[in-house]
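**Student:** I would like the entire structure built from these sequences, with the hints used as guidance.
Each chain, written out:
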Amino acid sequence: MAFWNKDDKGVALGEEQVLNVLKKVQDPDLHKDIVSLGFIRNLKIDNGTVAFDLNLTTPACPVKDQMRDEAVALVKALPGVQNVEIKMTSEVRQTPQLDKSALKGVRNIVAVGSGKGGVGKSTMAVNIAASLGAAGARVGLLDGDIYGPTTPIMLGLDLPPKSVGNRMIPQEAAGLKFISMGLLVKSEQPLIWRGPMAHKALQQCLFDVDWGELDYLVVDLPPGTGDVHLTLAQAVPLTGAVIVSTPQDVGLRISMKTLRMFQQTRVPILGIIENMSYYICPHCNSQDHIFGHGGGRRAAEQLGIPFFGEVPLDLAIRTQSDIGSPIVLAQPNSPSGRTLREIAERVAAQISIRSYETPVLEVE
Amino acid sequence: MSRPTGTQATTPTKIKKISPGELMVQWADGHETHHLAPVLRGMCPCASCKDEMTGMRMILPIHIPDDLEFRKIEIVGQYALQFEWSDGHHTGIYSFEYLRELCPCPECKLV
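Taken in sequence, the protein lines are chains A and C.
No gaps in the numbering here: position 271 of the first sequence is 271 in our numbering, and each next residue is one more.
No gaps in the numbering here: position 66 of the second sequence is 66 in our numbering, and each next residue is one more.
Everything labelled a hint here was simulated from the structure, so no lab data went into it.
It is possible that some hints are incorrect.
What the hints assert, rightly or not - Capping the alpha-carbon separation at 25 Å, the derived lysine-lysine pairs in DSS-like fashion look like this: (1) C:Lys50 / A:Lys200; (2) C:Lys72 / A:Lys100; (3) C:Lys17 / A:Lys100; (4) C:Lys14 / C:Lys109.
Stated by the list, open to error - Derived coverage of chain C by chain A (criterion: at least 3 residues anywhere in the stretch with Cβ under 8 Å from a Cβ of chain A; other residues may be distant): (5) 8–21; (6) 29–38.
Note that CB positions come from ideal geometry on N, CA and C, so glycine has one too.
**Tutor:** Dropping the structure here:
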């Protein structure tokens with residue numbers, strides 16, 4: 001046996017020693033160490049080489065690199081260790097109760113809502129979904145805005161979905177599976193529906209679509225508090241809701257109503273995104289807070305919920321949306337692309353937290 | 001003192017049908033509620049049992065058999081229960097708040 005395989009007392013380096021030091025690495029979101037959380041998989045010690053998988057709760061983990069670097073440094077410091085090989089893997093947890101529903105292949109359903117229209121809710125939903133997909137997650141997008149569906153434009157695909165038997169096959173674009181009422185109805189035709197029709201349409205988009213296995217199903221809601229929201233809150237156990245707002249107080253006050261509605265139906269609020277936060281001048285790159293500043297962050301602080309970030313009013317976000325190529329994929333490293341990807345990671349982190357915290361409830 | 005509200009008092013930790021006509025709910029604040037099917041049926045909040053405009057009760061105790069049973073109990077989203085009764089009715093959605101508010105125990109009735 002080689003000398004480097006022994007520690008001070010002459011005993012070979014064991015799994016226990018490795019796990020002991022790895023216990024010092026905390027997941028900052030779940031407030032537990034990575035060993036207790038069961039993140040360490042396939043630990044192998046071969047001579048001076050320690051290899052293991054670090055299996056996180058989302059591929060879009062915002063602190064992935066930090067945790068990996070900490071783990072490498074700690075294991076490397078053990079006597080006799082020369083090499084540390086970490087494979088980063090992930091397994092998205094399922095929200096309790098979802099496994100018993102008709103959508104049992106779906107692990108988390110997240111609603112994106114706002115109080116009023118035109119705050120960029122669909123833009124946020126599409127870019128969050130696309131970011132999670134690009135990070136390696138299996139993602140679906142349900143455009144629940146039955147009255148003004150926009151995702152077919154933003155994803156650049158406007159063909160009716162095929163169906164097998166009485167089930168629809170979702171369309172695929174930008175690495176996402178997606179369904180929109182815009183795909184089902186001719187684009188110039190308005191939908192003039194009463195409540196029960198809206199209810200039925202959403203139910204079909206949820207249950208009559210072959211979503212298959214998904215880590216995240218993002219549901220883009222219509223503005224306000226109406227039939228679609230209530231149907232969604234009743235039909236499925238949502239992991240949580242993301243609220244999109246503009247910095248203006250009036251926008252926020254209306255978003256507050258949406259927030260209350262989610263609270264009444266016990267849908268956890270994952271956090272607030274402030275969109276159109278400031279304007280970036282395309283000529284001189286200066287920033288202007290044309291709708292005021294800091295409203296979203298203040299509201300989040302008051303309510304004690306996470307603030308996901310500020311998205312600028314940036315021409316590039318709009319033009320990328322209009323040509324059906326989300327900015328997080330087309331220009332991932334542009335300032336706005338980066339901001340949106342970071343927001344998606346924060347959303348993913350909150351979803352992971354929720355999947356740990358939501359208690360299992362069943363009727364016995 | 002007022003009736004217990006707030007998340008703890010209205011978050012169920014255990015929901016159990018202890019007999020065909022009796023439902024037990026344990027709440028996060030430690031309280032335990034026992035609901036009898038005929039009583040709960042009479043408090044159905046749906047639009048056909050409680051007039052939407054006037055709030056008047058359209059179903060009265062004389063309409064409900066004493067031996068009414070829970071045929072099916074389902075959790076609605078994360079905020080309510082929906083019952084199918086042995087009389088076939090099934091459209092009422094009872095929020096957790098409402099179920100706690102209706103707790104018939106002497107302790108809750110006093111406040």
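**Student:** Quick check: do three or more residues in the segment 8–21 of chain C have a beta carbon closer than 8 Å to a beta carbon of chain A?
**Tutor:** holds (count 6)
**Student:** Hey, lysine 72 of chain C versus lysine 100 of chain A, does the alpha-carbon distance stay inside 25 Å?
**Tutor:** Since the Cα atoms of lysine 72 of chain C and lysine 100 of chain A sit roughly 15 Å apart, the hinted pair holds (cutoff 25 Å).
**Student:** Could you grab the alpha-carbon distance between lysine 14 of chain C and lysine 109 of chain C and see if it respects the 25 Å cut-off?
**Tutor:** holds, 22 Å
**Student:** Quick check: do three or more residues in the segment 29–38 of chain C have a beta carbon closer than 8 Å to a beta carbon of chain A?
**Tutor:** violated (count 0)
**Student:** For lysine 17 of chain C and lysine 100 of chain A, compute the direct alpha-carbon distance and say whether it is at most 25 Å.
**Tutor:** holds, 19 Å
**Student:** Taken at face value, is the distance from the CA of lysine 200 of chain A to the CA of lysine 50 of chain C at most 25 Å?
**Tutor:** Within the cut-off at roughly 24 Å; holds.
Comparing the model with each earlier hint shows a violation of hint 6 alone; every other hint is respected.
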